[in-house]
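Listed below, chain by chain, are the residues.
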Amino acid sequence: MRKKSALTALTRAARFGNEPPMTKRAIIIGAGQAGAQAAQSLRQAGFDGEIVMFGEETEPPYQRPPLSKAYLQGELEKERLYLRPSAFYEQHKIDLRCGAPVARIDRAAKTVATKVGETLAYDKLLIATGAPPRRLTCQGADLKGVHYLRTTADSDALRPLLSAGGRIVIVGAGYIGLEVAASARKAGLEVTVLEMADRVLARVAGKEISAFYEKLHRDHGVDLRLGAALDHFEGTRLVEAAVLKSGEKIACNAVLVGVGAAPSTALAEAADLRIANGVWTDEHAQTSDPDIYAAGDCASHPSQIYERRLRLESVPNAIEQAKVAGANMAGGSAVYDAAPWFWSDQYDVKLQTVGVSEGADETVLRGDTAARKFSVWYLQRGRLLAVDAVNDPGAFAVAKRLVGKSADAKSLADPVTDLKSLVS
Amino acid sequence: MPKITYIEHNGKEHVVEAEAGISVMEAAVKNMVPGIDADCGGACACATCHVYVDPAWSGKVGKPEAMEESMLDFAHEPKENSRLSCQITVKKELDGLVVRLPEFQG
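Residue numbers (my numbering), protein chains in the order written: chain A, 4 to 427; chain H, 18 to 123.
Next comes chain A alone, as it looks inside the complex (with noise of 0.2 Å):
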């Protein structure tokens, strides 16, 4: 596919050889994690042409993973969730508008029309547009008071309602709800978390990690349900109380929703290009249209390790797509193989997380729960699929390295096995 786009433009060069050389544009869609990362990989791989990155938030490209934690607590302040520094755009020639959402994409004039009118032209085109949290829609889901988590504005929202003291419900026992039941317990308030499933972070841990965490989160008294289905909210205007499938009401002052991300694929879907849980790309970031690339939450990459297609939520997930993306619209052939890793703080706890556990066919816990250190390995076919790590960095770092790759159970449950030995 590049070789053919590479002819095609020597093609055009040949036919137009008197007229100066255009200079080349790359256009970046989404100012997060992934485009940040992009534009800086371009730069890096020695592209010297235009980069215009547009972000629909009027903030410069940020971290996420504080909103749930040290920012929503009021303990950081906002410049520093930034990513770089507003000298790092100037000093990379890198054209940011902030602010400034793309309403279309035309791949037949290779150009992007932002909703304000502007179009223009790109040669090489990244869509980096992340994935905003699924809502509800169930009654009384727009009342004042519902709260979503995605953005700092989100954040902001929230923060207030953290020391306003009353009930938090907090619909859904993933990363996002149990991060902030976290935050909201450490803040005072009463919590209560609402889970369809019987347990918690069942769409991406294991059942040993689900119950450490249940058990956590009890002990810091959190009112927990589990296999809690909501119906709906009650209240005038504001939020006053989460309504059960069973019947049963909750009082509350407040609600986070935290059910999950969709990928954001409108732009992609219009343009017609390939959508399989996200944009499609293939292992070089590439679309099914060989100028436009993608990167980060909004689009699945065919894993060799995995031996399918995935499409991850996470920071370094985004990082190591985007610098794939950002060196292959340069010119380069670089491949998007990594191992996934996610990482998670709640109260004193650091879950660290590498691989995808799913397909596992057999489980192997080293360390002690109790003692809160731990790790949970998991394997399919005697092949080492995932690592969950509790407060045991150490067990995590020897995981990173040995994910994908065949391990032996036996010694893996073997308290006497270092784990260093592993990997030397």
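What the hints contain is simulated information worked out from the structure, not anything from laboratory work. This structure is a prediction, so every number in the text was calculated from the model and none was measured. Glycine is no exception: its CB is placed at the ideal position from the N, C-alpha and C atoms. You may find that some hints are simply not true.
Simulated restraints on C-beta separations [to be verified]: (1) A/E310 to H/K77: 27 to 35 Å; (2) H/E36 to A/G52: 48 to 56 Å; (3) A/G49 to H/D71: 49 to 57 Å; (4) H/G76 to A/A279: 53 to 61 Å; (5) A/D417 to H/N98: 32 to 40 Å; (6) A/R240 to H/K77: 28 to 36 Å.
Anything over 12 Å on all C-beta distances counts as not near chain A; from chain H, calculated [to be verified]: (7) I24; (8) D112; (9) G113.
Following the hints, position chain H against chain A.
Then chain H, alone, in the frame of chain A:
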């Protein structure tokens, strides 16, 4: 403001003025010092902001806590004076601090 000197693996020096209260990692990122990736943004989760503290400063900077220590164990070429720069807070006692960067992070 406290001055911090970062010395890249190739010997190139970067002297930056850092605001008290932020981390040595944040001061590097803010001043575009290359060689500190800080993928996790300072959550002590990734070990990509590894530095070697100049031995003259070891006492004032102090030792890593247990969590950081085990992260460092697996950094690229850890040494006695290794620290994660996201876990060192800039303060006026650290005015003049010198840290060296490893060949690569990871």
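*For A/D417 and H/N98, compare the CB-CB distance with the range 32 to 40 Å and indicate the outcome.*
34 Å, holds
*Whether the CB-CB distance between A/E310 and H/K77 falls inside 27 to 35 Å*: 51 Å, violated
*asked:* Minimum C-beta separation from H/D112 to chain A exceeding 12 Å: can you confirm that?
replied: 21 Å, holds
*At the C-beta level, are A/R240 and H/K77 separated by a distance inside 28 to 36 Å?*
56 Å, violated
*asked:* Using Cβ atoms and 12 Å as the threshold, tell me whether H/G113 really stays out of contact range of chain A.
replied: About 23 Å separates H/G113 from the closest Cβ of chain A, which puts it past 12 Å; holds.
*Is the hinted range of 48 to 56 Å satisfied by the C-beta distance from H/E36 to A/G52?*
35 Å, violated
*asked:* Between the beta carbons of H/G76 and A/A279, is the distance compatible with 53 to 61 Å?
replied: 56 Å, holds
_Whether the CB-CB distance between A/G49 and H/D71 falls inside 49 to 57 Å_ = Hint violated: Cβ distance 34 Å, outside 49 to 57 Å.
*asked:* Over 12 Å from every CB of chain A: does H/I24 meet that, or does the non-interface label fail?
replied: The assertion about H/I24 holds, with a minimum of 21 Å to chain A.
Violated hints, listed in ascending order, are 1, 2, 3, 6; each of the other numbered hints is respected by the structure.
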